[in-house]
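Asker: These are the residues of each chain, in order.
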Amino acid sequence: MLLSEIARRIHGTLHGEDREISGVSTIEEAAAADITFLSNPKYRDMVQFTAAGAIIVGEALDLPIPQILTPTPYLAFARTVEILIPEKTHEPGISPTASVHPSASVDPSATIYPFVCIGEKAFVGQGCVVYPGCVIGDEAEIDESTVLYPNVVVYERCRIGKNCIIHSGAVIGSDGFGFVWDGTRHVKIPQKGIVIIGDHVEIGSNCTIDRAALTSTRIGADVKMDNLVQIGHNVVVGDHSIIVAQSGIAGSSRIGKSVTLAAQSGVGGHITVGDGCVAAARAGVVSDLPAGKIVSGYPAMDHKKWLRVQNVYKDLPELIKRVRDLERRLDALSED
Amino acid sequence: MLLSEIARRIHGTLHGEDREISGVSTIEEAAAADITFLSNPKYRDMVQFTAAGAIIVGEALDLPIPQILTPTPYLAFARTVEILIPEKTHEPGISPTASVHPSASVDPSATIYPFVCIGEKAFVGQGCVVYPGCVIGDEAEIDESTVLYPNVVVYERCRIGKNCIIHSGAVIGSDGFGFVWDGTRHVKIPQKGIVIIGDHVEIGSNCTIDRAALTSTRIGADVKMDNLVQIGHNVVVGDHSIIVAQSGIAGSSRIGKSVTLAAQSGVGGHITVGDGCVAAARAGVVSDLPAGKIVSGYPAMDHKKWLRVQNVYKDLPELIKRVRDLERRLDALSED
Amino acid sequence: MLLSEIARRIHGTLHGEDREISGVSTIEEAAAADITFLSNPKYRDMVQFTAAGAIIVGEALDLPIPQILTPTPYLAFARTVEILIPEKTHEPGISPTASVHPSASVDPSATIYPFVCIGEKAFVGQGCVVYPGCVIGDEAEIDESTVLYPNVVVYERCRIGKNCIIHSGAVIGSDGFGFVWDGTRHVKIPQKGIVIIGDHVEIGSNCTIDRAALTSTRIGADVKMDNLVQIGHNVVVGDHSIIVAQSGIAGSSRIGKSVTLAAQSGVGGHITVGDGCVAAARAGVVSDLPAGKIVSGYPAMDHKKWLRVQNVYKDLPELIKRVRDLERRLDALSED
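Residue numbers (the numbering used here), protein chains in the order written: chain W, 58 to 393; chain X, 58 to 393; chain S, 58 to 393.
It is possible that some hints are incorrect.
Since the list gives no way to pick out one identical chain from another, each pair is judged satisfied if it fits inside one copy or across any two copies.
Distance condition first, Cα-Cα at most 25 Å in a straight line; then the derived BS3-like pairs of lysine-lysine [as the list claims (entries may be wrong)]:
hint, residue 1, residue 2
1, 378, 362
2, 314, 219
3, 371, 314
4, 99, 245
5, 371, 361
6, 145, 219
7, 314, 245
8, 245, 145
9, 362, 350
10, 361, 178
Treat the hints as calculated values from the structure; they're not laboratory data.
Just need the whole structure built from these sequences, with the hints factored in.
Answerer: Now the structure itself:
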């Protein structure tokens, strides 16, 4: 594709000569037929060594290679990748080796791969792609243009929105963790609710999202979840929130909109996290957070405070020496 | 169902008028045909606003709605849910699209869904339900009335007890993590043992329980395990223990009976945790614990001590100021 | 098998009478027909009580049972297990209930179990074993003698080396976690790279290894990964490294050779960890580490320093009392 055509499609301005571009790559690995991009200033010094045939940038660089200028180079690059490397297409229809209950409704434009099992009265919408080994429970609903990668499980009655991407091994709707001790053993609290997932949600591989005890566990629109994330029963996650790998949210907590839970973080049960909050990596949130709060540590505290605390913490051996020294000096003074 | 009938079945006492109840819900979301419950005093103030048609309570409330009194409202509610929302029933038999080795023994009352694979000489007992995509290895045994949700894997020779529930994606019996360096590479220690799981055990989705090197990894009766839990090889978990989401137990540790390991906690290798111990969320247990101990933090310490430590920790910047102040005052005094 | 034959095969020296041995077990559980071993000096006192018929040891013990002497008893034992308990053999060929795309290349010596799905132009090499429910994406390559346990997913174009073992539920090649905010929603950065896994790698159950955005996520030869490990996109892990259960490595980090990341540890994004580094259990590495560094804690610091810090940390309530005491004494002095 001509560079000028790419520039046009991503609403950028071409500086330099037009040429044919066939691939995309990183600054380091790009070859002459590739386009690359510069977004993170950390990589600015590397640009001069790139072998790329073109580069997408935020401001013109003093370099001999053609450049596409745009105020949002990373976003423009994402679109360039989509243009140059189109998504795999899938032939619509149900594989003869899939098992679809006669009462299920599968749109003819959907693709159902081998060894998929679709239960009674389940629904799979227009243009969905259900990869091999997925299991869609009775009365579950997968709305249009959603992709389930191999071996995803959606338990009965759960509902997935439009344009979602669910990666392999994710489990949607397993029982919430609820038991009551009857004096001799743990009695299971039946988990009869569901999971409802909004539109444009992406869920990473091997995530687990439990169904509510009675009502619904809800994941808002445009939520993005990394791998191995655990969501307890009755949790509500607001639109646009980001949950990074290996984080967990305990039962009945409410996460606001546009919240970020960084990697390996946790939120306790029955906690409210306000809109726009950020929990840093490893943070463990154990009390409600007002909107916009940034926290770190366990138990989580204000991030700036945590930085100050850590600054003293890492020098505790020094601190105790200073205290010992004070004691000695004071002892000496007192003896005088 | 009549409220009086529910009261009779859960051994409670009906206060107020009898009426027809058809569903169960939370205090907030219940409608007139629903029964709800009050167990956690935190929700007492919300009860006056409920639209529920009846409520299960520990002591009579001054409210106009019919109440079922019972000393154990949460337990009674669990039973009410079972009564009003019966479990899905499964048609016994082996799906024609399952693959069952001719030497395997599957009880005629068990249900084997499509795309299940059952190996040589494996055993599946009375009333078991094996959902689509499960794989039961050679000579593995699944005892009566156990449910394997979709895509569970039980490796060869492992044994699951009666009345267990194993959620999707759980892996029972993968190789323990054992290697020995031979000077040029890691040599695998063959993992030839098994996993033995007791009766009435529930295992959450995507948990991993490794087989022993030579003997058995053992999970006691009535153990309840949340999602994404990791159990190393040769571990023994005592009856009635609770292991919450994303926790891990390293190889050869012995967890006593009725132990609670809260979310994201960990137990190191070759450690003994006594009966009734509690490891709080995020606790990392690195040494043996006597029975009944409650610990927090990493490395885990007595929970009350940890609370005192955290209380100082969070104010470390204050502490260092006080030390600086002392130094200044002492310097001033010394100069005098 | 005769003990003398075992001794010969593991290059050890037999002390004591020759006898027939048929099994292997632990010091505690071995019976008269079993051979056991002593490697960890912790178990030396237990040896006198063993019922084993023979023992592999580093130096001769004053015990009446036959002993095989070898400088590396643990390694010798691993080999003995392989000799006495041979691996399961698999009948080569493709199950009639597997789904293999006509353009895929599967070596006739490979075993493809039921309900395996192999995509367009995928490659499965000599002697590979692909257990039920595995999904191998289009153009993915599984090199010779590699074993995929049930329900492993390898996304399109990813490449697994020779002699690898991938445990159940592991997901190789799901999309890296990359989004850019366009002012109203998160736009997905297409993840068009791959995962390349070297030879002799073992990957635990339910691990997740994301494909690179543009290039490749690379796992070196002889890397051993425990269960539930998360590897972000573009990560590079060097040969012989060990990654223990529930650890995670964020995107674009480079882990050197022979690195150990202990259980529940984490490495942040865009970080370089030098050859031979060790991150202790729960360590959270947030900055580059030079080769050979041993770190603990979060944020990770030098392990020895961390021990000193923890030593003060756990006694913080004492420290604050000492500071209060100093203040009181100084107040008293000042009042004089």
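Asker: Taking the hints in turn, state whether each one holds.
Answerer: Each hint, compared with the structure:
Taking identical chains as interchangeable, the C-alpha atoms of residue 378 and residue 362 lie at most 25 Å apart whether they share a chain (24 Å) or sit on different chains (14 Å). When the C-alpha separation of residue 314 and residue 219 is checked against a cutoff of 25 Å, the pair qualifies only within one copy, where the shortest distance is 19 Å, while the shortest distance between copies is 43 Å. With identical chains, the CA atoms of residue 371 and residue 314 are never at most 25 Å apart, being 34 Å at best within one copy and 28 Å at best between copies. With identical chains, the CA atoms of residue 99 and residue 245 are at most 25 Å apart between copies only, with a shortest distance of 22 Å across copies and 53 Å within one.
Taking the closest pair of Cα atoms, residue 371 and residue 361 come within 25 Å of each other both inside a single copy (16 Å) and across two copies (12 Å). Only within a single protomer do residue 145 and residue 219 lie at most 25 Å apart by alpha-carbon distance; the minimum there is 19 Å, versus 28 Å between protomers. Taking CA atoms no more than 25 Å apart as the test, residue 314 paired with residue 245 passes between copies only; the shortest distance there is 18 Å, against 32 Å inside one copy. For the homomeric pair residue 245 and residue 145, the shortest alpha-carbon distance between copies (16 Å) is at most 25 Å, but the shortest distance inside one copy (44 Å) is not.
Taking the closest pair of Cα atoms, residue 362 and residue 350 come within 25 Å of each other only inside a single copy of the chain (12 Å); across copies the shortest separation is 29 Å, beyond that limit. For the identical chains of this complex, residue 361 and residue 178 are neighbours neither inside a copy (52 Å) nor across copies (53 Å), given an alpha-carbon limit of 25 Å.
Hints 3, 10 from the list above are not met by this structure, while the remaining hints are.
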